[in-house]
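Please put together the full structure from these sequences, using the hints given.
If you're matching them up, the sequences are chains G and L in order.
Quick note: the first sequence uses my numbering, first residue 1, plus one each step.
Quick note: the second sequence uses my numbering, first residue 1, plus one each step.
Treat the hints with caution; some may be incorrect.
What the hints assert, rightly or not - Examples of chain G residues lying across from chain L (beta carbon under 7 Å, computed): (1) 59; (2) 60; (3) 246.
Hints listed in this document are in silico derivations from the structure and should not be mistaken for laboratory results.
These figures come from a predicted structure and were not determined experimentally.
Glycine is no exception: its CB is placed at the ideal position from the N, C-alpha and C atoms.
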Amino acid sequence: MTSTGFFDPLPRVLVADDFDRGMSGWLDLRPNFVAPGFREHSDDIDLIHWGPTMLSSATFAFGGTHGSAQGTYSLKISSRAAAAPPDEPPAPGSMGLSIKRLAVPAGTRRVRVEALIAYKAEQDRPGLGVDDVRAFGLFVDLQDEVHRYMPGVRYVNAVAGQPVRRWQFYSPTDVTDEQWSYGADGWHKAGIDPQWFGARRADGSTVATTWFPDGAQHLIYNESDDKLNWMPLSLTVNLETRSYEEFRVGTRRFSFPDGAHPTLAPAYNDIEGLLNPVFFVEADTDRRVSLFVDSVVISAETGERS
Amino acid sequence: MKTFYTSVVELRQRFDTAVETHPYECGWADEAIFFVETHDLTPGTRLALRVQVSPDGIRWLDEGTELELTDTGFVRVAHFGGFLRMVGTAVDTEARPVPVTVSVRLALKG
Chain G
1 MTSTGFFDPL
11 PRVLVADDFD
21 RGMSGWLDLR
31 PNFVAPGFRE
41 HSDDIDLIHW
51 GPTMLSSATF
61 AFGGTHGSAQ
71 GTYSLKISSR
81 AAAAPPDEPP
91 APGSMGLSIK
101 RLAVPAGTRR
111 VRVEALIAYK
121 AEQDRPGLGV
131 DDVRAFGLFV
141 DLQDEVHRYM
151 PGVRYVNAVA
161 GQPVRRWQFY
171 SPTDVTDEQW
181 SYGADGWHKA
191 GIDPQWFGAR
201 RADGSTVATT
211 WFPDGAQHLI
221 YNESDDKLNW
231 MPLSLTVNLE
241 TRSYEEFRVG
251 TRRFSFPDGA
261 HPTLAPAYND
271 IEGLLNPVFF
281 VEADTDRRVS
291 LFVDSVVISA
301 ETGERS
Chain L
1 MKTFYTSVVE
11 LRQRFDTAVE
21 THPYECGWAD
31 EAIFFVETHD
41 LTPGTRLALR
51 VQVSPDGIRW
61 LDEGTELELT
71 DTGFVRVAHF
81 GGFLRMVGTA
91 VDTEARPVPV
101 TVSVRLALKG
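Structure, rendered in structure tokens:
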């Protein structure tokens, strides 16, 4: 594990991914290509053109190579140069998402995902692009014997070019499956894949998000599109209660309302016990934006003393 | 052991005019292969692509490798610095530009 002092893992470190050693199992989040002709299983919205994940040295035109918090490479999650208005479904290519697919070890009570992050607009024009980044975030796809659920946090940085700078978390929705999928009577259950399903609103919220009461935070974008600062982020989820436990980012520790949890959807077939963390970034304009992620540490606490 | 990664840089992506694949950062790799697959190309349509390199992912220069195809094809690239992409156009039998849908898979090793 690199940059150890930034991390505060639970007793059992499941993986510690240093991107100086490769992609470490992180790849683009894409749909299931199980329809005839290897087509995607549903076409509610365009899920196949998100921007690709890559290993980045964070190299820029005027500053040269930034490197990572320790070493050269980080994971770069990029959108394409596309965005829809904030109250519409995401436009094709307007997001970038990277996933790692694991499974919950026996007896796990809590899971923590930690990373160092930075976010940038592509320096393809003069000026400062901070308000071209709509949002970025982290969620974890989990399923036990009863429920599939996706706890996660999302930093709404700017909406329609206006700064927001506020954190929200994924929370229960009572819309129907059809409403959740933008009117398509399809396969998806309400609350699943909140990063792109569920009606969006003009203020940057969705039908399955709740603003943290104390969630305003000015993160370090820095003063130029080619300068980045590595900021620690940590999300802890209680698997016994399927609820949020703790969220830390930068110098702040955000409080969840008591018992806060995401939508608890019915279990899906053949994925019981999955542990899939996902990082994502969203563009607010027709400009590529990126989320840089350095070492990711995923840790767990079990019922047994370690 | 070397690191290996294949990125599906473009998946069934339609380009109405010029093809420009997403800027892909891959300075860690020593060698690359672009696998290009066209979808539902009208008979007689030809797709001509060029490999480009860049110091920053924004300012691009021709690398010198070219690929012309009517179905699928690949090119090998090495010593390419930090960023790679492919650009080009599809033309019909009368050399008029036409839309094209492609999948581009970039296999990297280093």
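Hints violated by the structure (numbers, ascending):
3
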